[in-house]
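Protein chains: 2
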Amino acid sequence: MQEFNIKSTSKEIISQLQSKIDSKTKPIGALGMLELIALKIGLIQNTLSPELINPTIIVFAGDHGIASEGVSAYPQEVTHQMVLNFLSGGAAICVFSKQNGINLKIVDAGVNFNFSNTPNLINAKISMGTKNFLNSPAMDKVQCENALSKGALIVKEQGENGCNIIGFGEMGIGNTSSASIIMSILCNISIEKCVGRGTGLDDSSLKRKTQILKQAIKKHIPDVEKGNPLSVLSTFGGFEIAMICGGILQAAELNMIILIDGFIVTSALLVALKINPSVLDYCIFCHKSDEKGHSNVLNNLNIEPLLDLKMRLGEGTGVAIAYPLIKSALNFLNNMASFEDANVTKKTI
Amino acid sequence: MQEFNIKSTSKEIISQLQSKIDSKTKPIGALGMLELIALKIGLIQNTLSPELINPTIIVFAGDHGIASEGVSAYPQEVTHQMVLNFLSGGAAICVFSKQNGINLKIVDAGVNFNFSNTPNLINAKISMGTKNFLNSPAMDKVQCENALSKGALIVKEQGENGCNIIGFGEMGIGNTSSASIIMSILCNISIEKCVGRGTGLDDSSLKRKTQILKQAIKKHIPDVEKGNPLSVLSTFGGFEIAMICGGILQAAELNMIILIDGFIVTSALLVALKINPSVLDYCIFCHKSDEKGHSNVLNNLNIEPLLDLKMRLGEGTGVAIAYPLIKSALNFLNNMASFEDANVTKKTI
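Those sequence lines, one after another, are chains D and V.
Just so we're aligned, residue 12 is where the first sequence starts under this note's numbering, counting upward by one.
Just so we're aligned, residue 12 is where the second sequence starts under this note's numbering, counting upward by one.
Simulated from the structure, these hints should not be mistaken for laboratory data.
Computed from a prediction, not measured in an experiment: that's the story for all the values here.
Please note that the accuracy of each hint is not assured.
Same chains, same names: a pair is fine if it fits in one copy or spans any two.
[Unchecked claim] Straight-line C-alpha distance at most 27 Å; calculated BS3-like pairs for lysine-lysine:
#1 Lys-31 to Lys-204
#2 Lys-321 to Lys-31
#3 Lys-218 to Lys-229
#4 Lys-321 to Lys-357
#5 Lys-51 to Lys-225
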């Protein structure tokens with residue numbers, strides 16, 4: 012597998028950054044999480060005056076063999092239909108990215124459709140979808156490594172265009188099933204706490220989904236190499252999840268700010284964190300998904316994301332709507348007056 | 012007191028609005044609270060295609076006699092110093108309003124300072140600050156009614172400029188003390204659950220603040236007319252709180268979207284709700300303040316605000332940074348493709 016040279020961020024300027032934050036005309040700590048974001052980004056960029064350049068969201072789309080088991084409320088064809096919707100600007104992620112000045116890139120990671128006449132789609136297709144992991148591993152090792160590399164390459168290209176803040180989104184009917192199993196194995200949490208309703212399963216379908224995922228884990232667990240995150244990824248993952256994982260690793264190597272969306276993207280991050288835990292220094296968690304497993308995995312990582320709006324749409328929508336908050340964090344750091352500038356008296360008791 | 016003709020919003024188009032929301036290319040309910048905001052604004056404007064025009068935040072500033080008791084971590088002079096900081100663009104609210112395209116108006120509701128050479132400040136000064144309510148009522152009835160009317164007039168002027176969405180902010184050293192007592196009496200919650208650290212009191216100062224507020228309540232409670240919110244407001248309030256209350260009532264009469272900030276603005280809203288509970292139909296709660304009383308009052312009202320970023324700065328900063336989320340709610344409603352538009356297959360199970 013491609014190696015990434017990822018280092019923990021330098022903490023050299025942390026006290027200077029904190030002093031700058033505390034010098035602003037506000038009570039100490041009064042901007043709450045915005046102050047933590049400003050500090051984090053200052054460390055990522057190793058500067059007291061960080062900036063956001065060419066913000067970009069990449070949406071990776073892929074199909075899943077497990078969809079044929081009826082684990083989603085929508086049929087598989089919705090994956091490619093939504094990709095076309097992304098390209099024509101009608102999806103939520105298009106509307107929110109446009110509103111907030113974010114570049115949007117759509118990637119075919121492995122959709123079961125021939126997109127021959129769609130020049131705006133980035134073609135990184137590994138195959139027409141993963142295999143049904145109830146029967147065999149979702150992908151083979153070569154496919155998995157290809158997906159990681161392609162995801163990394165696409166991120167690298169954004170970096171070459173000057174982008175220093177990158178968000179990840181996804182589309183793939185069936186992909187909460189993959190994410191649930193990845194989470195269950197990598198975090199050692201029972202599958203029941205990782206499975207949710209996805210796009211809207213009712214009680215009986217949710218029960219069925221849980222049974223199917225249990226069965227799949229039972230089948231493969233003897234073959235999954237313990238402690239090998241890539242083995243878990245290739246057995247149960249999706250091509251979009253693998254590409255996001257490779258993209259995250261590449262972004263961390265390039266000192267980019269990494270914006271984490273909901274449940275699926277977090278599952279890709281879990282794999283990346285097992286490969287190199289320093290990746291976490293570069294991540295901002297944009298929202299808590301209403302998909303049940305997401306709260307549990309965030310608790311496991313001890314993370315409080317920026318937003319909790321009961322959203323569960325994927326596509327990177329949590330990233331797109333949280334982005335103005337990240338801008339606010341840097342705007343206060345760069346543009347607010349200090350007590351000294353504004354001749355405001357400091358705290359007296 | 013000035014009468015306001017405030018009606019509950021018409022629910023005539025509620026099912027049409029919900030159908031429009033549900034027709035968008037996303038699982039039912041997948042945009043969570045953004046869907047509730049879209050629905051609420053559709054009802055306020057009684058249209059399937061609502062819009063936001065000339066968004067404006069008005070920051071009302073006033074001084075408080077109770078500040079002389081040492082209930083704040085900052086001295087009283089910080090109120091006028093911060094007003095000057097607002098006018099010169101260095102405060103957090105200036106930075107965030109500018110970022111998000113929001114007009115910002117600053118009002119002298121009753122600051123203990125002579126702002127003679129500041130043309131951009133709206134002069135609505137009632138007096139050089141309220142009286143210390145440990146000794147006498149903060150204001151008399153005429154002052155209170157004047158403040159309500161002036162707040163209403165300033166909002167009316169924004170409406171005449173086409174503004175249909177208005178947020179309220181405040182500045183006033185000592186005003187968490189006023190807000191705590193208003194909340195305690197109007198919500199019938201013990202003062203201990205309403206008092207917090209304000210701009211950053213330590214444990215012993217917090218204890219002292221609580222004792223002072225208890226003493227003030229004990230002194231005035233025989234004279235405060237039970238069930239008369241204006242009596243509570245004039246006895247314990249601030250001029251900025253009274254003007255916000257008048258502004259909220261006027262905004263509801265004018266069918267404007269009302270953006271509620273943190274603890275102080277919520278205390279002004281409590282008074283307005285006692286005057287006319289239909290005001291709530293027009294309110295969007297932008298954030299949960301880290302000031303302790305705010306969680307308790309929001310629970311009392313059964314409200315979940317958009318943001319919970321542990322901020323406690325006031326000034327309307329919660330409104331300013333939440334505004335892009337409100338834009339997102341209308342953008343998805345107005346600009347996303349429907350399943351039909353995009354030829355996407357609907358849910359099958």
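(request) Go through the numbered hints given earlier and state which of them the structure violates, listing their numbers in rising order. (result) The structure breaks hints 1, 5; every other hint is satisfied.
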